[in-house]
Amino acid sequence: VVPVASGGIHAGQMHQLLDYLGDDVVLQFGGGTIGHPDGIQAGATANRVALESMVMARNEGRNYVAEGPQILRDAAKTCGPLQTALDLWKDISFNYTSTDTADFVETPTANI
Numbered sequence: 001v002v003p004v005a006s007g008g009i010h011a012g013q014m015h016q017l018l019d020y021l022g023d024d025v026v027l028q029f030g031g032g033t034i035g036h037p038d039g040i041q042a043g044a045t046a047n048r049v050a051l052e053s054m055v056m057a058r059n060e061g062r063n064y065v066a067e068g069p070q071i072l073r074d075a076a077k078t079c080g081p082l083q084t085a086l087d088l089w090k091d092i093s094f095n096y097t098s099t100d101t102a103d104f105v106e107t108p109t110a111n112i
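Taking the numbering used here as reference, the numbering of the sequence shown is continuous, increasing by one, and the terminal residue is 112.
Certain hints may be false.
[Said to hold, decoys possible] Ranges of calculated distance between the beta carbons of each label pair, as one might list FRET restraints:
(1) N111 <-> A66: 50 to 56 Å
(2) I40 <-> A66: 29 to 35 Å
(3) G8 <-> A66: 38 to 44 Å
These are calculated hints, taken from the structure and not from any lab test. Every residue gets a Cβ at the ideal spot worked out from N, C-alpha and C, and that includes glycine.
Could you put the whole structure together from the sequences, leaning on the hints where they help?
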């Protein structure tokens, strides 16, 4: 079983995605790649550099979850496509409420 993230994800959420799902994961960046203003290749580059920067930070022993936004900003200093992606999607957050909440009704049982 491999976790999959899809739908509304972008490079700026990389630290959260890896925290929630690990690095043995499928990340389906549809609009997060195709929607890049400089084209699909730039979108793919932004996502790759974001992922690589998080993995490198983790391997260096850094707290990539807490430092994630700064790690991405630092990586974007040398990667124009990542900077563009971070600027474009900066207001898109990864704060979702679960839709998989308990919704059961107690069923009375006969006492035998």
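### Task
Hint by hint, work out which the structure violates, then give me just those numbers in ascending order.
3
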